[in-house]
Amino acid sequence: MPGSTVTDEVELIGTGRGGGGGSSGDSGNSGGGGDDWKGPSGSARVPQRAYVTGMTIALAGILMFFMALVSAYIVRKDMPNSAWVPFNVPRILWLNTLILIASSFTLARSRSRFLANDSAGFRHWWGVTTILGIFFLAGQVIAWRQLAAAGVFLSTNPASSFFYVFTAAHGLHLLGGVLALLFIAFRPTHRLTKGTATEVVSMYWHFMDGLWVFLFLLLLLGR
Amino acid sequence: MSSHAHTGHAVVVEPSGFIRKYIFSIDHKVIGIQYFLLALTAVCVGIVLSLLMRFHLVYPGAHLPLVSGGIMTPEQYLALVTMHGTIMVFFVLTTAPQGGFGNYFLPIQIGAPDMAFPRLNMLSFWVTFLAFVAIIAAFVVPGGAPISGWTGYTPLSGMGEVTGPGEGMGQTLWIVSISLFCLASLLGALNFIATTIDLRAPGMTLFRMPLTVWGWFVTAILGLLAFGVLLAGGILLLLDRSAGTSFFLPAGLVVNDQLQPHSGGSPLLWQHLFWFFGHPEVYIAILPGMGVASHVLSTFSRKPVFGYRAMAMALCAIGFLGFMVWGHHMFLSGMSPYSGFAFSVLTMSIGVPSAIKTFNWIGTLWGGKIQFKSPMLFALGFVSLFVSGGLSGLFLAQPAVDNMLHATYYVVAHFHLVMGVAAIFGIFSATYFWFPKMFGRMMSEPLAKIHFWFTFVGAYCIFMPMHFVGLAGGIRRYADATGTTYAGVLQPVHMFMTYAAFITGAAQLIFLFNFFWSLKHGAIAGKNPWNATTLEWITDSPPPIDNFGGDYPSVYRGPYEFSVPGYRQDFIPQNLTPEQAALLK
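Residue numbers (our numbering), protein chains in the order written: chain A, 15 to 237; chain B, 900 to 1484.
Hints were generated in silico from the structure; no laboratory data involved.
Predicted model only: the values in this text are computed from it and were never measured.
The hints are all genuine.
Which stretches of chain A does chain B cover? Using the computed rule of at least three CB atoms under 8 Å from a CB of chain B, they are:
#, stretch
1, 61-70
2, 96-104
3, 169-180
Residues of chain A clear of chain B, computed beta-carbon distances all greater than 12 Å:
#, residue
4, Q160
5, A164
6, V192
7, V227
8, F230
9, L231
What follows is a set of in silico ranges between Cβ atoms, one per label pair, in the way DEER data are often shown:
#, chain 1, residue 1, chain 2, residue 2, range
10, B, G1382, A, A163, 57 to 67 Å
11, B, E1478, A, F119, 54 to 64 Å
12, B, L1290, A, I88, 36 to 46 Å
13, B, S1141, A, G236, 25 to 35 Å
14, B, M1394, A, S85, 43 to 53 Å
15, A, G236, B, P1160, 24 to 34 Å
16, A, S85, B, F1258, 35 to 45 Å
17, B, P1160, A, K91, 15 to 25 Å
18, B, P1160, A, V89, 16 to 26 Å
19, B, F1271, A, G190, 48 to 58 Å
20, A, F119, B, D1439, 47 to 57 Å
21, B, A1142, A, S85, 14 to 24 Å
22, A, V89, B, C943, 35 to 45 Å
Yeah, the Cβ is synthetic: ideal placement off N, Cα and C, and Gly gets one too.
Produce the complete structure using the sequences and hints provided.
Set out below in structure tokens:
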């Protein structure tokens, strides 16, 4: 994953509030091991690595949610008398998939600009990523509208049910990602340093990208 | 330490307004108490429901004041079954040990000022609260509470009002409630894991964590991996009910002479998704209790936990195996005998870490200077109930035996002892043990002991005979078995269990009285009334807003250094430096 090293204290555009609590003098690295953190308050001061840990854990939970849906898909498809009608994915999904994959590259680019202390480059590629994310969501909505125009709805047949469930669940998660991108672009973060915030959002975004590619392949090849 | 100068200045200001301090608080201690009170409310509702059921089983024709229509219908009985199970499993057994005590004591025991994400923590509680409101609302909507049991089996739970009263709005509210609960539990689990990994005090290595923390940590990992699966199932079920999809609903179902418009769904798919969550859920309820029992047995035996590492590893092993045995709930679903065999062997293999734990609990007691204080009594009760309830699990784990015992009272007796009452004893032990820390006062010891003996003997009186009702063919969830000869002859046993249930239920009033009376009138506890070693006992009772008054501890030793040879004091707190400890020689 690009830039997944824990570069907590990198401050580029931040507000100068290291960790958001009090002074940034005690950054919790006073002698190795990483277990030597002492902070005055959890609400005011949490070690930056906790956010990376938290995102890793959250992704594990999200993965379990989607794997439950995927296993339901596999089981349901092979039921006797399943009434399963193989489903042709709308062609625009190819374009959407390309857009989302491209957004991972622009985000990685943005992170590396950030780590190189290039503020303008970071902002530029961050913005491009956000726009690509919005394009993807718009593309998914267009796919839904095309299906609806063709008379394929949520309850039409099991394959279409799963298509809507997968795309809606993934789309909601990606909408959260877009909001996080926008939030970081426009607002200073309080408890996270900019370095942690961009790292955590990158983890989430790449994961959602990979998850979509997996779901897309499942819909294409597993129909 | 250089950081002390800094931390000494950074005083966390307690919010002054009532709302920010007690309602929408981000302090893990307040949130822990909120979870505890939610569970206390839920358990009162749950007990009333169970007493109504016990009453109905013995006097099926009696007129009841609370029941609409006077005499309880079978559907109303099923609604009681459903709501009792749901409320107890989710809002008591999951909420109190993990959300309540875990929230309150995990950060303190690892020397942290709060959870890693305090606002997320507040959100977890309030979403749980919403879930509770939704489930309670199911009582008062048209049609009343759902009737499909706490497992919500499809197709009964997926078709709407046609399948019975309560299957309309009531069942929808049930699904909404459970889904919200899943969401809240996922957020909570995330917080618990991140806190345990990243917020430990200096020197608090993984194998210096109290076993309570191990219990909450492993439980949180189970919750993280299990609740998402139930959430997915809940969403699909909701779509089946409201959007006309057919994930779980087969074609050609005729209910009440009406052909249902579904096609090709799989009711077993719901069972798989549900039990993939449902079996880890059993351990979510019991693992915190195991942690508390180990902790309390050690403290009141004045001995270190016997085989501490084995205890921690056994918790992990139980958690790990817990994900591979869900099929034993479905032996009778037509599963392949090979799958059944695999699930059976895996299930029985959980007996190994369970036996390690029991052996080590006894090893902890062996030769100890045992103090029979109320937390200790309940911890001993926990071990007793866990063993008696767990042994019947070995019988049920075998498909051949399960063929006969499935859906009988034998199963009900098994899971009530091992997961219900044992976990409740863990909660009681934790309450009596930590009440002094949480509220600064002691609970009444004589009342606690009366409460213990009534509850301990009562629980066995209710659930031991229940095994024999099951062996004799008594089927669970039947509202009235008096009409058949084979089950009708069991009525005297049912009568005995019902009397025992009412007496045991009444005995819980002693606990409630003790709890609320002691809040105001209990003896002042002081910092460390039990002479215990872990970090929560070095701070004030109740702890200040930042837990340690700015003076965060470092840890120099394991959590259970009791009766160390050569020391004048029979306990050495975890934060004592070697130099400080040397003064105790």
